[in-house]
Structure formats: structure tokens, C-alpha cells
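Participant: Under my numbering, think of the first position of the sequence shown as 569, with each following residue one higher.
Hints may contain errors.
[As the list claims (entries may be wrong)] Here are the simulated distance ranges between beta carbons:
| # | residue 1 | residue 2 | range |
| --- | --- | --- | --- |
| 1 | Ala-772 | Gly-612 | 40 to 46 Å |
| 2 | Leu-592 | Val-718 | 44 to 50 Å |
| 3 | Leu-909 | Lys-676 | 20 to 26 Å |
No wet-lab data here; the hints were simulated from the structure. If you're wondering where the values come from, they're calculated on a predicted model, not measured in any experiment. Yeah, the Cβ is synthetic: ideal placement off N, Cα and C, and Gly gets one too.
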Amino acid sequence: MKLFSSQKNYNLPIYDYSLIWAALLLIGIGLVMVYSASIDLAAGKQEFQYQHYYFLLRQSAYLLIAFICGYISFLIQVYFWQRWAPYLFLIGVILLVLVLTPIGIESKGGRRWIPLGIANFQPTEIVKLFTIMYASDYVLRKSKQMRTIVKGFLPILGIMILTGSLVILEPDLGALIVISSIAMGILFLGGLTLKVIVSLAILAPIGVLLAIKSSPYRLARIEAFRDPWSPEHILDGGYQITQAQMAFGKGEFFGIGVGNSFAKLSFLPEAHTDFIMAIIGEEFGLLGVSIVLGIFAFLVLRMFGIAKESIQNNKHFGALMAQGVAIWFSIQCIINMAVNLGLFPTKGLTLPLLSFGGSSILVSVIAIAIVLRIDHENRRNLRGQHYNK
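When you get a sec, could you build the whole thing from the sequences and use the hints?
Facilitator: Spelled out as C-alpha cells, the structure:
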């Protein structure tokens with residue numbers, strides 16, 4: 569039976585349990601793989617107290633905080649996010665500015681984190697979510713002008729150029745690509761003309777090329793990506809790519825078993841973060857990778873389904889929000905997988921809900937909670953129950 573019909577359905581569940589279980593399944597797989605991928609790293613360094621479960625405990629703590637924040641986010645009515653979207657986006661921009669000041673922490677050639685005492689926070693993660701909110705609100709406020717260049721497109725283009733400039737100064741080209749994709753996707757869904765979208769699709773690679781050319785570090789990454797197995801790059805810029813590819817190769821179809829990865833034994837840097845999919849491929853093989861990608865696909869398709877139901881229920885902000893989160897997760901998953909396979913240069917993007925990282929898991933869980941709230945309000949409407957604003 570379809571979720572929406574002309575009659576009220578009082579027996580309809582008030583939550584989308586399939587979305588909840590898909591997210592929890594990915595989080596559970598992530599915990600297992602973070603522990604498996606980080607054992608050697610944690611046990612071999614004093615900064616991690618030589619504790620093999622160091623990253624597992626931290627990820628569990630991050631998840632506890634994420635679940636609390638996610639529950640609070642679920643309790644908040646969707647119209648609140650629309651009302652406060654411009655202000656939340658402004659907060660995100662301020663955080664991007666702060667990270668470039670002496671307050672920000674510089675590490676691994678970038679300034680991307682703000683210290684919060686017990687942990688560091690990465691502003692670009694929350695900016696992804698705030699971009700979804702702001703772009704969704706913008707296209708609804710400007711619905712009559714969205715098909716015009718001057719009044720509809722140029723104002724938000726200027727705002728996104730400012731935001732993108734702050735992100736590229738960190739530098740974080742991967743986050744810039746994701747944020748730009750989110751914004752353009754929502755603008756297209758909100759009524760921006762196909763002509764403008766095609767023009768941007770043509771101009772975007774030029775912008776990325778200029779960003780690469782302006783940075784010797786990025787240029788070196790591209791050179792290594794073109795031929796990672798060459799003697800010049802295999803122990804330098806191409807090292808992560810070749811190690812990840814070897815991990816996938818060792819896994820074959822069924823994998824070599826959980827905990828048995830060789831790549832995680834100090835061979836593959838960032839095995840528990842950016843390259844966790846390579847460890848999944850080695851330990852669980854093509855079968856395991858296919859299952860994980862299948863769960864991701866289900867999660868994304870369910871979000872698009874919730875968006876469709878929101879449109880049928882005349883809740884357009886909720887629809888755009890759900891579509892925005894789906895675009896975010898799918899784009900980031902595709903890029904992360906492509907990097908792990910050596911199809912893209914290394915980007916420093918986590919795999920949502922799976923990779924180690926407090927900022928990533930926190931914002932991802934909040935995003936899932938908001939989509940659940942959107943679906944919850946759709947279902948309450950169908951049951952004849954409405955919220956007072």
C-alpha cells in the first residue's frame with residue numbers, strides 16, 4: 569500500500585523502521601571495521617596509550633554523543649530548521665572563518681579543525697548540513713525568481729563562492745566538491761534552469777583545475793594518481809592508492825576474514841578513516857563491499873522516497889532536505905569508494921556512518937534524525953495528526 573492515499577491510516581507506523589535499521593547496520597559495521605582497521609596503529613603508539621581498543625572507545629563515545637544530539641534533533645519540528653536555516657548557515661560560515669585563524673588546528677598540511685577540549689571539531693562537516701538547509705529554504709523563498717539568473721541564481725552563487733573560498737583556504741578540495749554538489753543539486757531540484765546547471769557542470773572542472781594548478785601539493789597528488797605504481801610515486805604520493813588496491817586484490821570475492829587484514833599493519837595510512845572501504849574489501853571481499861554499498865543504496869533511495877512522500881503531502885522544505893541529505897551521502901560515498909579503488913586522487917573524505925571521526929559521525933547521525941523527523945511528520949499527517957507552529 570502506498571504511504572499516501574485519500575484516507576487516513578491510523579495503523580501506519582510512526583517511524584520508518586527500515587531507515588533506522590539501515591543506518592544502525594552501517595554504524596555497527598563501521599564500529600567493527602574501525603576497531604579492526606586501527607588495532608595495529610593504536611597498539612603501537614604512545615599517543616594512543618598502546619591500547620588496541622583506543623579508536624573503538626573514542627568512536628563509541630562519539631556515537632553516544634551523536635545519538636543524544638540525533639534524538640534531540642528528531643524532537644525538533646521541521647519548520648524550525650527552515651525558519652533558522654539562514655542563521656545556521658551564517659554560523660557555519662563563521663566557523664569556517666574561525667578555523668583559518670590561530671584558533672584553528674593545523675595538521676597534515678591543512679587547517680581544518682577547531683579544538684573543543686576533549687576533541688576537535690571539523691566545521692566543513694556541519695556546513696554540509698547547513699548548506700542543505702539554507703539552499704532548501706532559499707529555493708522556496710525565491711521560488712518565483714528561481715528561473716531567472718539575476719534575482720534567482722546570482723545571489724546564492726555569490727554566497728557559495730564565498731563559502732567555497734573559505735573551504736579551499738583550509739585547504740579541503742574534497743569538502744568543496746561535496747558542498748558544491750549539494751548546493752547545485754538542491755538548486756536544480758528547486759527550479760534552477762537546466763541551461764544554468766549545464767553551464768556550471770562545464771565550468772566546475774575548470775575551477776577544480778585552477779585550484780589544483782594553484783597548489784603544488786594538489787598537483788603532486790594528481791601526478792601520483794596518474795601513475796601510482798611508477799618508481800617515482802609508489803613510495804610517495806601513490807603509496808596510499810597502491811596499498812588500497814592491493815588490499816582489494818587480496819580480499820578477492822569472500823575476503824580473508826575479519827581482523828586478518830595486512831594493509832592495516834602500518835602499510836595503509838588512514839585505514840580507519842578515509843580508506844576503511846579498502847579494509848572492508850580485504851577482510852570481507854567483493855561480497856562484503858557489495859553488501860555495504862547495497863545498504864548505502866537502500867538508505868539513499870529511502871531518503872528519496874521520503875522526499876517524494878513529502879511532496880505528495882505538500883511539505884516542500886522537508887522534501888528538499890531529504891533529497892539534499894541523499895545527494896550528500898551518495899556523492900561522498902561515490903567519491904570515497906572511487907578514491908579507495910584508485911579511480912580518483914586521494915581527497916580526505918570519510919565514508920558516512922562508517923569511518924572513524926567525531927565530526928563526521930555526529931553530523932551524519934543528526935542528518936539521519938532530521939530525515940526521520942520529516943518522515944514522521946508525513947506519517948502523522950496521514951494519521952490526521954498535525955503540529956501547531
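Participant: Now tell me if each hint is right for this structure.
Facilitator: Hint-by-hint comparison with the structure:
1. Ala-772 / Gly-612: 40 to 46 Å: 42 Å, holds
2. Leu-592 / Val-718: 44 to 50 Å: Because 46 Å falls inside the window, the suggested range holds.
3. Leu-909 / Lys-676: 20 to 26 Å: Given a distance of about 22 Å, which is inside 20 to 26 Å, the answer is holds.
Checked against the numbered hints given earlier, this structure breaks none of them.
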